[in-house]
Amino acid sequence: MTTGSAGPTKKIKVRYFAWVRERVGKAEEEIEAPAGIATIAELMAWLAGRGEAYAYAFENPKVIRAAIDRNHVRAEARIEGAGEIAFFPPMTGG
Amino acid sequence: MTTGSAGPTKKIKVRYFAWVRERVGKAEEEIEAPAGIATIAELMAWLAGRGEAYAYAFENPKVIRAAIDRNHVRAEARIEGAGEIAFFPPMTGG
Amino acid sequence: MSVHSRAGGGPVRAIIRLQREPIAIAAEVAKLVAARNDIGAVVTFTGICRADENGAPIAALNLEHYSGMAEAEIARHVEEAYARWPLLGALVTHRYGRIKPGEDIVLVATASSHRQAAFAAAEFLMDYLKTRAPFWKQVEAADGTTWVEAKSVDDAAAERWTAPPPRRGAAK
Amino acid sequence: MSVHSRAGGGPVRAIIRLQREPIAIAAEVAKLVAARNDIGAVVTFTGICRADENGAPIAALNLEHYSGMAEAEIARHVEEAYARWPLLGALVTHRYGRIKPGEDIVLVATASSHRQAAFAAAEFLMDYLKTRAPFWKQVEAADGTTWVEAKSVDDAAAERWTAPPPRRGAAK
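Residue numbers (this note's numbering), protein chains in the order written: chain A, 41 to 134; chain B, 41 to 134; chain C, 10 to 181; chain D, 10 to 181.
It is possible that part of the hints are untrue.
Keeping only pairs whose Cα atoms sit at most 27 angstroms apart, straight-line, the calculated DSS-like set for lysine-lysine is [said to hold, decoys possible]: (1) B:K51 x B:K66; (2) C:K40 x D:K109; (3) C:K109 x C:K160; (4) B:K53 x B:K102; (5) C:K109 x D:K40; (6) A:K66 x A:K51; (7) A:K66 x D:K40; (8) B:K53 x B:K66; (9) B:K50 x B:K66; (10) A:K102 x A:K66; (11) D:K40 x C:K40; (12) A:K50 x A:K102; (13) B:K102 x C:K109; (14) C:K109 x B:K66; (15) A:K102 x D:K109; (16) B:K102 x B:K50.
Calculated directly from the structure, the hints in this document are not laboratory data.
If we strip away everything but chain A, and leave its shape as in the complex, we get:
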């Protein structure tokens, strides 16, 4: 999946936790998302298009939480400048 926007792609470290990690099949990876991918929601949609495992992991993006550089963010958050983005289910610590 690509968008119509021009501009260079950017490398981002992406980390997955709990069942998102299990479904994706890896704990972390470096990705190069097209420059047109501006938000967490758009990144999840783009990731879901990368194959069956990703489609399964991100089949219900509403339940998936995200962090940019270790801070919780909403799906609308812009990813520009992010060094590390993480996706995970709702937390169940304590």
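Since the structure of chain A is provided, determine the placement of chains B, C and D on it from the hints.
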């Protein structure tokens, strides 16, 4: 101090705690209150008439708490049948 | 004095102990959870003798209590806590006698499957100990002794519990 | 990982520790009150692995966490607790890895001059750990593993703290 009522006096064990004990000058005693003394409030008034130490201890009966047979009671509680009556300041445990 | 009540020969339901000796907190709490696997939450409250009272330094606290009544009052409130929340254990240890700054005065511990019952019951028991259990604190300072006065804020805290508990959630 | 922050070289302000090892509760709590004489109240919460989840027996919990983010999240919430209540110490120890029934998962301890701040801060920290700290529990049972689902009652508990704290009484 006596009341006009007829009837026998009764022996009651009375205990004092904290500054009530210090003012009365003893931790416990057996008393024989006149039969006309029916309530905790009346007993405090009667005790206050027994001398300077008692007058000092019971000078402000509103702040003094009481227990009959180890249960908290109000000043209006009737003392008939009581085996042990205790007087003490508000509790400050914990 | 110590009261151990077991419901139907099961695990310890309530431990109530009044003692002069320092409180062995870890050992006491261990008794609550010993040989059980249904407890998910333990809350403890420890009250400690501070080195000052209303800003003035103190040498010690002297704790007086009404033996017999104190145990009975505490036991009644532990039973009330059991009636209000799904508890799996409760423990109250209160010292009396002379207690120096830095020493423990009281330990309340509550156990439940889930955290909210344990927190609420511990607060409930502490509010009652502060206002209804027959203990009296005397401050011993360089210039003599004074009895600690009851605080209206403690009465207000205890008043909270005269209404039914606001929440009985199942969150652990 | 362990964070000890001291305000102006004074006593320990916050201890945050994530570890695989069992939690030495008594030793951890002792650090909070060590060499201090202004603490009048210590509240602890211990979360314990129960032998069942939703009624079914479990073999263990596997705790996954986001190293680095977890410490930072907890530290932020400890600072928020300090901003809300007059705390004199706070401690959070959270385990990760495989935890068997009966073993401790988490310890939160709070210290204050008076009891209400200590109780409120401990509840606040636990509500946040349950809903915001990046930890995930996986249940290991005879028939396989399943991830624990977040509970709406935990979210509701955490929501309580989005309003200013209801009381800041001075009762000990």
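Hint by hint, here is what the structure shows:
Only pairs whose Cα atoms come within 27 angstroms are accepted, and K51 (chain B) paired with K66 (chain B) is accepted, the gap being roughly 17 angstroms. Pair hint K40 (chain C) plus K109 (chain D) holds up; C-alpha atoms about 19 angstroms apart against a cutoff of 27 angstroms. With a C-alpha separation of about 22 angstroms, the suggested pair K109 (chain C) and K160 (chain C) falls inside the 27 angstroms cut-off, and the hint holds. With a C-alpha separation of about 22 angstroms, the suggested pair K53 (chain B) and K102 (chain B) falls inside the 27 angstroms cut-off, and the hint holds.
For the suggested pair K109 (chain C) and K40 (chain D), the alpha carbons sit about 19 angstroms apart, so the restraint of at most 27 angstroms is met. Only pairs whose Cα atoms come within 27 angstroms are accepted, and K66 (chain A) paired with K51 (chain A) is accepted, the gap being roughly 17 angstroms. As the CA atoms of K66 (chain A) and K40 (chain D) are separated by approximately 39 angstroms, the hinted pair breaks the 27 angstroms bound. At most 27 angstroms may separate the alpha-carbon atoms for a hinted pair to count; K53 (chain B) and K66 (chain B) meet this at roughly 12 angstroms.
Distance check on the hinted pair: K50 (chain B) and K66 (chain B) sit about 20 angstroms apart at the alpha-carbon level, within 27 angstroms; holds. Only pairs whose Cα atoms come within 27 angstroms are accepted, and K102 (chain A) paired with K66 (chain A) is accepted, the gap being roughly 21 angstroms. A hinted pair counts as satisfied when its Cα atoms are at most 27 angstroms apart, and K40 (chain D) with K40 (chain C) qualifies at roughly 23 angstroms. Straight-line distance between C-alpha atoms of K50 (chain A) and K102 (chain A) comes to about 25 angstroms, which keeps the hinted pair within the 27 angstroms bound.
Straight-line distance between C-alpha atoms of K102 (chain B) and K109 (chain C) comes to about 32 angstroms, which puts the hinted pair past the 27 angstroms bound. With a C-alpha separation of about 26 angstroms, the suggested pair K109 (chain C) and K66 (chain B) falls inside the 27 angstroms cut-off, and the hint holds. For a cut-off of 27 angstroms, the pair hint linking K102 (chain A) to K109 (chain D) is broken: about 32 angstroms separates their Cα positions. Proposed proximity of K102 (chain B) and K50 (chain B) is supported: the alpha carbons are some 25 angstroms apart, at most 27 angstroms.
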